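Student: The primary structure of each chain is shown beneath.
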Amino acid sequence: MGELRLMKGNEVLAEAAIRCGCDGYFGYPITPQSEVMETLMERQPWNETGMVVLQAESEVAAINMVYGAAGTGKKVMTSSSSPGVSLMLEGISYIAGAELPCLIVNVQRGGPGLGTIQPSQADYFQAVKGGGHGDYKLIVLAPSSVQEMNDFVDLAFELAFKYRNPAMILTDGALGQMMEKVELSDYKKRWTENEIAEKWGSWATTGKPSSRNRNIITSLELDSCKMEMNNRRFQEKYRQMEVEEQRYEMFSCDDAEYILIAFGTSARVCQKATEIARNKGIAVGLLRPITLFPFPAKIIGELAPKVKGFLTVEMNAGQMVEDVKQAVYEAGCTRRVEFYGRMGGIIPSPGEVVEAIERNFL
Amino acid sequence: MMEIKDILKPENLVYGKSKVLTDTIMHYCPGCTHGVIHKILAELIEEMGIQEKAVGVAPVGCAVFAYNYIDVDWQEAAHGRAPALATGIVRLNPDKFVFTYQGDGDLASIGAGEIIHACNRGENILVIFINNGIYGMTGGQMAPTTLENMVTSTTPFGRDVEMNGYPLKMTDLVAQLPGTSYVTRQSAQTPAAVRKCKRALKKGIQNVLDKKGTSFIEVVSTCNSGWKMTPVQANKWMEDHMFPYYPLGDMKDCEKEKPVEKN
Chain R
1 MGELRLMKGN
11 EVLAEAAIRC
21 GCDGYFGYPI
31 TPQSEVMETL
41 MERQPWNETG
51 MVVLQAESEV
61 AAINMVYGAA
71 GTGKKVMTSS
81 SSPGVSLMLE
91 GISYIAGAEL
101 PCLIVNVQRG
111 GPGLGTIQPS
121 QADYFQAVKG
131 GGHGDYKLIV
141 LAPSSVQEMN
151 DFVDLAFELA
161 FKYRNPAMIL
171 TDGALGQMME
181 KVELSDYKKR
191 WTENEIAEKW
201 GSWATTGKPS
211 SRNRNIITSL
221 ELDSCKMEMN
231 NRRFQEKYRQ
241 MEVEEQRYEM
251 FSCDDAEYIL
261 IAFGTSARVC
271 QKATEIARNK
281 GIAVGLLRPI
291 TLFPFPAKII
301 GELAPKVKGF
311 LTVEMNAGQM
321 VEDVKQAVYE
331 AGCTRRVEFY
341 GRMGGIIPSP
351 GEVVEAIERN
361 FL
Chain E
1 MMEIKDILKP
11 ENLVYGKSKV
21 LTDTIMHYCP
31 GCTHGVIHKI
41 LAELIEEMGI
51 QEKAVGVAPV
61 GCAVFAYNYI
71 DVDWQEAAHG
81 RAPALATGIV
91 RLNPDKFVFT
101 YQGDGDLASI
111 GAGEIIHACN
121 RGENILVIFI
131 NNGIYGMTGG
141 QMAPTTLENM
151 VTSTTPFGRD
161 VEMNGYPLKM
171 TDLVAQLPGT
181 SYVTRQSAQT
191 PAAVRKCKRA
201 LKKGIQNVLD
211 KKGTSFIEVV
221 STCNSGWKMT
231 PVQANKWMED
241 HMFPYYPLGD
251 MKDCEKEKPV
261 EKN
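Protein chains in written order, with this note's numbering: chain R, 1 to 362; chain E, 1 to 263.
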């Protein structure tokens with residue numbers, strides 16, 4: 001059993017980064033995630049593990065510092081909230097185009113624009129469809145507890161390096177600010193220079209020894225035939241992720257007639273809604289996507305013929321519901337896929353979700 | 001009479017291309033000094049024995065393909081973001097020699113924020129700033145450094161300072177910041193200027209190796225294609241018009257009291 005603590009989600013992100021052997025964090029303050037950098041600065045990990053923490057002059061600079069540091073084969077991350085992540089998209093597109101591993105955390109707040117500082121899931125499209133320019137995908141993990149805020153930091157780095165692709169933890173202000181019991185991970189050692197050279201020497205800009213050709217990190221290719229080949233390679237990688245990395249969790253789905261689909265904070269609400277509905281005699285289950293990209297389409301396709309309908313619950317105007325509909329369609333099914341959501345920083349109540357089930361299906 | 005083949009012998013060799021300069025044919029226009037500056041930088045990397053330590057950050061602009069010409073590890077930045085990349089690289093790899101190579105559109109316009117803050121933090125990097133007062137790669141548009149009344153494709157009647165403000169002296173600005181240790185303005189249009197520029201670059205590199213903070217070297221340059229001149233005319237125009245506004249020489253050369261503490 002690891003060390004048990006009562007901590008905020010944002011604090012846990014920082015603690016997990018230190019413990020998983022992260023080499024660097026670059027960030028810029030924004031509510032509701034500022035505790036990530038504050039916790040790191042308080043902890044002074046440079047004295048303990050050698051991890052570097054730097055407050056950048058903007059989100060634009062922060063993501064480009066991540067880009068530079070990631071190019072040297074180090075484990076680096078940033079965190080921000082919705083408006084800040086919008087600013088980072090240029091850099092994220094470059095990082096995806098240059099095929100570099102890194103971790104970006106989005107503790108979402110309500111938008112558009114400056115919006116609100118209350119929790120939201122309205123950046124789903126931005127996270128899973130690319131967001132910046134060009135055809136690229138992020139690996140997107142959606143924690144629904146403070147424990148998962150801890151666990152997914154290490155998992156995100158593991159997947160990012162496995163695929164040489166940026167990974168994102170897509171969470172929200174509620175999970176960032178919420179305090180829960182968490183079992184912290186054990187410390188992992190940071191990679192040594194030799195380990196980095198051995199593992200990532202084929203691409204990392206660690207300085208060119210006479211024994212190898214120079215490494216160039218770039219997303220530029222003016223020859224469109226070669227650029228198309230690059231894109232084909234990226235797409236193959238994304239298809240491989242879809243085959244190997246779909247993650248989800250199911251509650252009471254075995255005998256369910258209606259299935260709720262929700263991630264993160266709204267999945268917690270839906271878990272309670274499932275209980276309430278069951279007590280009322282409605283056979284409801286919950287499917288909680290953990291990876292938003294790759295989206296767990298396979299299990300939705302398997303469940304579709306067995307149920308009467310799906311209700312997707314999100315803290316936005318209806319974004320993931322499009323992927324649910326696509327998954328049902330691709331399974332050759334005609335099950336109804338309905339949507340219930342709240343916007344602008346409002347978290348739906350379990351009662352509202354049960355009402356939405358009754359209104360749509362009964 | 002002596003045949004060429006009789007002259008081309010190792011014992012007669014007085015000058016050679018640096019091994020750090022690749023054999024790739026440069027894409028720069030005839031008359032452009034990017035190639036000259038690449039050459040002296042490559043020579044210094046070889047002479048100072050720092051090829052294995054060097055990581056370059058290329059800009060967006062004419063020098064976007066700098067990584068094809070100098071045989072060290074490189075990263076290609078987004079437009080203006082080279083100092084942020086360099087910060088990320090050097091903070092996590094403090095023993096590397098990290099440098100950016102940026103034009104005036106990249107550094108003084110879209111990347112003004114990144115360069116000011118990198119210099120203000122005293123990032124231990126070398127910044128090579130090529131200032132020719134114009135956007136070369138995109139076809140000769142106005143840069144922040146374009147001189148008053150200078151004609152470009154977006155100021156076809158000359159830069160109107162009422163409309164566009166005054167030419168920005170970035171080098172004077174960064175010299176004010178405590179994080180910079182060596183700030184100088186050079187040129188590369190004559191053999192004497194090239195030698196002087198090489199000495200300045202060498203000092204800048206040595207400062208980075210000695211962890212003295214940011215060294216910032218502006219090279220006032222021409223863009224004869226964008227300026228619509230012959231190379232000779234462009235050099236003359238630079239001397240007559242650019243040098244009075246961007247005077248050459250060291251702006252700051254101090255031993256910093258102490259290097260910026262890196263965590």
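Derived from the structure by calculation, the hints contain no laboratory data. Since the structure is predicted, the reported quantities are computational estimates derived from the model, not experimental observations. Incorrect hints may have been included.
What the hints assert, rightly or not - Here are the computed lysine-lysine pairs in the DSSO-like style, where the Cα-Cα straight-line distance is at most 30 Å:
# : chain 1 : residue 1 : chain 2 : residue 2
1 : E       : LYS53     : R       : LYS162
2 : R       : LYS199    : E       : LYS228
3 : R       : LYS237    : R       : LYS129
4 : R       : LYS208    : E       : LYS196
5 : E       : LYS53     : R       : LYS188
6 : E       : LYS53     : R       : LYS189
7 : E       : LYS228    : E       : LYS169
Unchecked claim - Computed beta-carbon distance windows for the label pairs:
#  : chain 1 : residue 1 : chain 2 : residue 2 : range
8  : R       : GLU42     : E       : GLY113    : 25 to 31 Å
9  : R       : ASN231    : E       : GLY113    : 50 to 56 Å
10 : R       : ASN47     : E       : PRO30     : 32 to 38 Å
11 : R       : GLU48     : E       : GLY35     : 46 to 52 Å
12 : R       : LYS199    : E       : LYS19     : 26 to 32 Å
13 : R       : GLU193    : E       : LYS5      : 46 to 52 Å
14 : E       : ASN164    : R       : LYS199    : 28 to 34 Å
15 : E       : THR154    : R       : PRO112    : 54 to 60 Å
16 : R       : GLU3      : E       : ASN164    : 56 to 62 Å
17 : R       : MET227    : E       : LYS5      : 42 to 48 Å
18 : R       : ARG239    : E       : PRO30     : 55 to 61 Å
19 : R       : GLU221    : E       : GLY35     : 55 to 61 Å
Here a beta-carbon is modelled for each residue, glycine too, at the ideal position from N, C-alpha and C.
Student: Could you work out which earlier hints the structure fails to respect and list their numbers in ascending sequence?
Tutor: The structure breaks hints 2, 9, 10, 14, 15, 18 and 19; every other hint is satisfied.
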